[in-house]
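Protein chains: 2
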Amino acid sequence: MSVVTVEVGLGDRAYDILIGPGLIARGGELIQQRLPKARAAIVTDENVAAAHLEPLVASLSAAGNVPAVIKLPAGEKTKSFDSLQTVVDDIIAARLERGDAVIALGGGVIGDLTGFAAGIVRRGMNFVQMPTSLLAQVDSSVGGKTGINSPRGKNLIGVFHQPKLVLADTAALDTLPLREFRAGYAEVAKYGLIDRPDFFAWLETNWREVFSGGAARIEAIAQSCRAKADVVARDEFETGDRALLNLGHTFGHALEAATAYDGSRLVHGEGVAIGMALAHRFSARLNMASPDDAARVEAHLRDVGLPWRMADIPGALPDAEALFGYITQDKKVSRGALTFILTRGIGQSFIARDVPASEVISFLKENHAG
Amino acid sequence: MSVVTVEVGLGDRAYDILIGPGLIARGGELIQQRLPKARAAIVTDENVAAAHLEPLVASLSAAGNVPAVIKLPAGEKTKSFDSLQTVVDDIIAARLERGDAVIALGGGVIGDLTGFAAGIVRRGMNFVQMPTSLLAQVDSSVGGKTGINSPRGKNLIGVFHQPKLVLADTAALDTLPLREFRAGYAEVAKYGLIDRPDFFAWLETNWREVFSGGAARIEAIAQSCRAKADVVARDEFETGDRALLNLGHTFGHALEAATAYDGSRLVHGEGVAIGMALAHRFSARLNMASPDDAARVEAHLRDVGLPWRMADIPGALPDAEALFGYITQDKKVSRGALTFILTRGIGQSFIARDVPASEVISFLKENHAG
Ligand SMILES: NC(=O)c1ccc[n+]([C@@H]2O[C@H](COP(=O)([O-])OP(=O)(O)OC[C@H]3O[C@@H](n4cnc5c(N)ncnc54)[C@H](O)[C@@H]3O)[C@@H](O)[C@H]2O)c1
Ligand SMILES: NC(=O)c1ccc[n+]([C@@H]2O[C@H](COP(=O)([O-])OP(=O)(O)OC[C@H]3O[C@@H](n4cnc5c(N)ncnc54)[C@H](O)[C@@H]3O)[C@@H](O)[C@H]2O)c1
Ligand SMILES: [Zn+2]
Ligand SMILES: [Zn+2]
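So the sequences go chain by chain: V and S.
The first sequence: position 55 = 55 (full-length UniProt numbering), numbered continuously.
The second sequence: position 234 = 234 (full-length UniProt numbering), numbered continuously.
Among these hints, one or two may not hold up.
Here are some chain S residues the structure puts well away from chain V; computed CB gaps all over 10 angstroms [as the list claims (entries may be wrong)]:
1) 74
2) 85
3) 93
4) 122
5) 159
6) 215
7) 243
8) 244
9) 261
10) 285
11) 320
12) 351
13) 354
Sample of chain V residues with no beta-carbon within 12 angstroms of chain S, all distances over it, derived [claimed, not checked]:
14) 16
15) 18
16) 98
17) 158
18) 226
19) 230
20) 237
21) 288
22) 312
Derived pair list, reagent style SDA-like, types lysine to any residue, alpha-carbon separation capped at 20 angstroms [stated by the list, open to error]:
23) 154/V - 154/S
24) 164/V - 237/S
25) 164/V - 36/V
26) 77/V - 71/S
27) 154/V - 97/V
28) 154/S - 234/V
29) 164/S - 22/V
30) 71/S - 94/S
31) 164/V - 64/S
32) 154/S - 207/V
33) 77/V - 46/V
34) 37/S - 64/S
35) 154/S - 97/V
36) 37/V - 77/V
Don't read these hints as lab results, they were simulated from the structure.
All figures in this text were calculated on a predicted structure; none of them were measured in a lab.
Where a beta carbon is used, it is the ideal one built from N, C-alpha and C, also for glycine.
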């Protein structure tokens, strides 16, 4: 299996995403090609360090670049001000300069935090993403959005800071817990549902090989990166089109909040899976899409083992009004209307700016588990 | 006295600097013109709040925009991670969105901290500078460099985040302690010494009126902003020419560090004043500039009441080797040579990339106070 390259076309901030097996162990050489002479610091979490740190350290050292290593606890709580300060202090303590490289080795948590730190030390250092979760490979490592959480909301603090290089080692996903893999797969399916109907159909046929790790895995990740890179190139700073990437996320975020971000009940990608199914069902209810398309989405999510309806979430959920309250915490309601990502069918999503609040509440009541 | 406008030409990040008396009391109206509908938060320090907060709050409120107020202790220690977190949390708690305005009302400390916070909340909010110290009006509020200090060095953490508008109320400077005014004046003189010999000559004639607050004050601030804006427009992200702004700062920073940043002995602008005199004297010693020009710089600094030689610093200084150590903490020595801003005469500064370390040490020995 060979390595696939996806270019992210952002003018003088353009960079390559390399996708394939074994890239972590080649990190030293690949980084040196792009950033000759750069010294390096690796930021990682304890789970990822146990499985993948050593080959990266060895490879950098072999290239004459013995890295500083900054290791943090795993989990969403690590996206905090405290961890940011730790990473920033440690990078400065390692005496790295602007032209040196800060490497994120881990999932989206490590990538978001590290990118933010790299964006603010000396007002912007070189940054390299080595995403090790499927979600990070297809979503969070692409596009330059970095950040941490505020006690008042997720991802509210951060910067846009594009990496110089992304190395997505597809073999590293073999140590990822299956549930995390599935959660990341929801975002893969999302790209098909946004505007690539052929890709969604291809996934319906090939998803087993994506999970088992053949060439189809590389292909699915590459297609996802291309899809995201296209949107990002159109709207780097998220003032328009980039909102399409939130398909499934309005309902999804509300469900994550309603389950108090308790990962034992619901992880992000699972919320997105249910959210995408609901977005299609809701579009059908508004007579915008065919109910057959909604059923097709539900069937695929069920096939791969993802939850697809609220009833799939273990434990009780708050009632429809309370769920609607979580939706409006996330976004403004102006004159009784909300902005939503809706669809006219598989691969035909669009930004709807005037969805009546009353319709959302009725829909939530009809689809509520309780 | 009328208001002067200086445009900072940065393409789609271009903005105006308005300079003149009474602008704080017109803040509400002037911000509303540029950012209609934006809600606002004011960040300020206790000294500035006592003198200037009320008219700004009144003016914004009159424009229908009752601001949130975030007040911090005065002083360099406020440029810390802790204050950053406070400001960020308070902005989010005030429920401001990306299009709302974060206003810095204060000196360079408040401007640097607030600009950084505005740059990272929601990955970049609208930012308005209302500089109230001379240093902030002629230097820190122009150019978009924001940040905080690390325990390991000043200004090491931050982002480039350009304001949407700068309002420099020249009458607000009347409450500034004279010593702070003088320190800011060192940076005004710096622009003349970098590449505007006519401006330096004009200052030699008109400095009294700059201090007393007539039209010459507005003119001097406007010239300084134009000078800085020119450099910034050529090199927004400080990869080249912007280094010229560091004239006097290599020696100055070393002296600040050597006096442990004790403001009772030396404030930043005083360090810059001595640093500029030394840079001219050093250039003369290297046979690059005339000793007459060095003497002219020294005379002007002495006239306005600024320190101009190491002997002017109260208390004992470390010896020349130790001072050289502080210089190399600030910058790399590669193969025995350093980068310095030197000059061929008044208004003829340049970036010298191969200044021999041995020359610097000999020069420091000759000019040492002890
Ligand atoms: N920046 C963006 O554009 C963007 C987009 C989507 C999501 N995100 C963010 O991404 C985060 C979620 O990312 P995530 O799902 O990767 O979470 P994560 O980083 O917490 O990783 C999930 C778990 O898998 C472990 N793990 C990762 N790679 C592994 C591997 N190869 N082997 C064994 N264990 C491994 C991690 O230690 C962690 O326990 C969220 O914070 C979300 O806000 C950001
Ligand atoms: N961002 C940049 O490009 C840049 C450039 C130069 C300096 N700086 C930074 O600027 C800072 C120094 O700025 P500064 O000298 O303004 O310091 P400062 O903000 O601490 O202000 C100096 C003192 O004057 C007080 N003050 C300010 N305005 C006043 C007024 N109108 N009336 C009464 N008191 C007033 C303040 O409360 C403070 O006590 C440093 O942290 C430096 O690193 C940044
Ligand atoms: Zn997502
Ligand atoms: Zn200065």
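Consistency of the hints with the structure:
no.	hint	result
1	74	holds, 23 angstroms
2	85	violated, 5 angstroms
3	93	violated, 7 angstroms
4	122	violated, 6 angstroms
5	159	violated, 6 angstroms
6	215	holds, 36 angstroms
7	243	holds, 13 angstroms
8	244	holds, 18 angstroms
9	261	holds, 17 angstroms
10	285	holds, 30 angstroms
11	320	holds, 25 angstroms
12	351	holds, 17 angstroms
13	354	holds, 19 angstroms
14	16	holds, 22 angstroms
15	18	holds, 26 angstroms
16	98	violated, 9 angstroms
17	158	violated, 5 angstroms
18	226	holds, 24 angstroms
19	230	holds, 20 angstroms
20	237	violated, 8 angstroms
21	288	holds, 28 angstroms
22	312	holds, 32 angstroms
23	154/V - 154/S	violated, 30 angstroms
24	164/V - 237/S	holds, 17 angstroms
25	164/V - 36/V	holds, 12 angstroms
26	77/V - 71/S	violated, 29 angstroms
27	154/V - 97/V	violated, 30 angstroms
28	154/S - 234/V	violated, 37 angstroms
29	164/S - 22/V	violated, 47 angstroms
30	71/S - 94/S	holds, 14 angstroms
31	164/V - 64/S	violated, 45 angstroms
32	154/S - 207/V	violated, 52 angstroms
33	77/V - 46/V	holds, 13 angstroms
34	37/S - 64/S	holds, 9 angstroms
35	154/S - 97/V	holds, 14 angstroms
36	37/V - 77/V	violated, 34 angstroms
Violation of the numbered hints given earlier is confined to hints 2, 3, 4, 5, 16, 17, 20, 23, 26, 27, 28, 29, 31, 32 and 36; the remaining hints are satisfied by the structure.
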